[in-house]
Structures are given as C-alpha cells and as structure tokens.
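When we follow the numbering used here, the leftmost residue of the sequence shown carries the number 212, and every step to the right adds one.
Honestly, the hints are just simulated from the structure, not real lab data.
These numbers were taken from a predicted model, which means no experiment stands behind them.
Fair warning: there could be bad hints in the mix.
Unchecked claim - For each label pair, taking beta carbons as the anchor points, the in silico distance ranges come out as:
(1) Phe265 with Leu244: 15 to 25 Å
(2) Gly213 with Met306: 32 to 42 Å
(3) Gly213 with Leu270: 12 to 22 Å
(4) Val286 with Pro319: 34 to 44 Å
(5) Gln248 with Gly213: 45 to 55 Å
Even for Gly, the Cβ is constructed at its ideal location relative to N, Cα and C.
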Amino acid sequence: MGTITLIAAAATGLMAGLFFAFSVAVMPGLADLPAEQAREAMRRINARIQNPVFLLVFLGTAVLCGIEVFQGRIVGGLAYVVGSFLLTMFVNVPMNNRLERTDDAYWPEYLRTWTIWNHVRALACLASMVILLLGF
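Please model the complete structure; the sequences and the hints are all you need to start from.
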C-alpha cells in the first residue's frame, strides 16, 4: 500500500468520524432544543467548521481520493469524492446557506433532511476508508 493510499484512508476515516459524531450526538442534541436555539447553534457550528484544519482534511481528502481514482482504486476514491465531497457541496452546504437566510420554521425540515444526508456522508467515508485499505 502506498503512502497516498494510506493517508487517503486515514483522512476518510477522520471524515467518517466527524460525520458520525454529528449523526449520533450533535444533531440529536440540537433536536432537543427549541428551534430558535437549535438554529442559532447550528449556524455557529457551520461558521466555526470553516477553519483551516477542517478545510485541509476535507478538501485534501478529495484531492487524494481523486488521485486514488486515477491510480486504479476507483471505488474507494469515488466513494469519498461522490459520497462526501460532492454530496456536501451540492446538498448540505446549500441547506446550510438556506438555514442562514430563513426563519425558525425551516429548522424541522433542515434537521431531518440534513441529518439523513449526513448519515450517507458518514457511511460513504467509512466505505471509502475500508475499500482503500482493501485496495479497490
């Protein structure tokens, strides 16, 4: 196993853990709050997560997994690129942006839908890690 593959697998594991924590702790915790408080907390989380460490791992993993695709580990690489990176950019981020612009009435729909897609991201990252480690 090459260095790039090992780093990509570790990074997809980090992302799987992050998304898992949101699915099993953060979002259920926010669901226990009144919509106004939960929405404000999520808005703060969305602002804070855009930091250099997260962006390096999130974007860097997409680059590494893109390299993995071109090196023949297509399934493992695409699992992250499609199931995490593209899903985040085309589903979760637009929902986060809408959360910024809307009132508390959007919160229940946001909570349900965002969390479902977050489960998918967690599973895609986990699958990517395992598949990369197995060499596919």
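field: Verdict for Gly213, Leu270 (Cβ pair) under range 12 to 22 Å
entry: About 20 Å separates the Cβ atoms of Gly213 and Leu270, which means 12 to 22 Å holds.
Supplied distance hint 45 to 55 Å, evaluated on CB atoms of Gln248 and Gly213: holds, 47 Å
field: Outcome of range test on Cβ distance (Val286, Pro319; 34 to 44 Å)
entry: holds, 36 Å
- prompt: Taking 32 to 42 Å as the hint, is the beta-carbon distance of Gly213 and Met306 inside that range?
  reply: Given about 36 Å between the Cβ atoms, the range holds.
task: Evaluate the given range 15 to 25 Å for the C-beta pair formed by Phe265 and Leu244.
output: holds, 23 Å
Comparing the model with each earlier hint shows no violations; every hint is respected.
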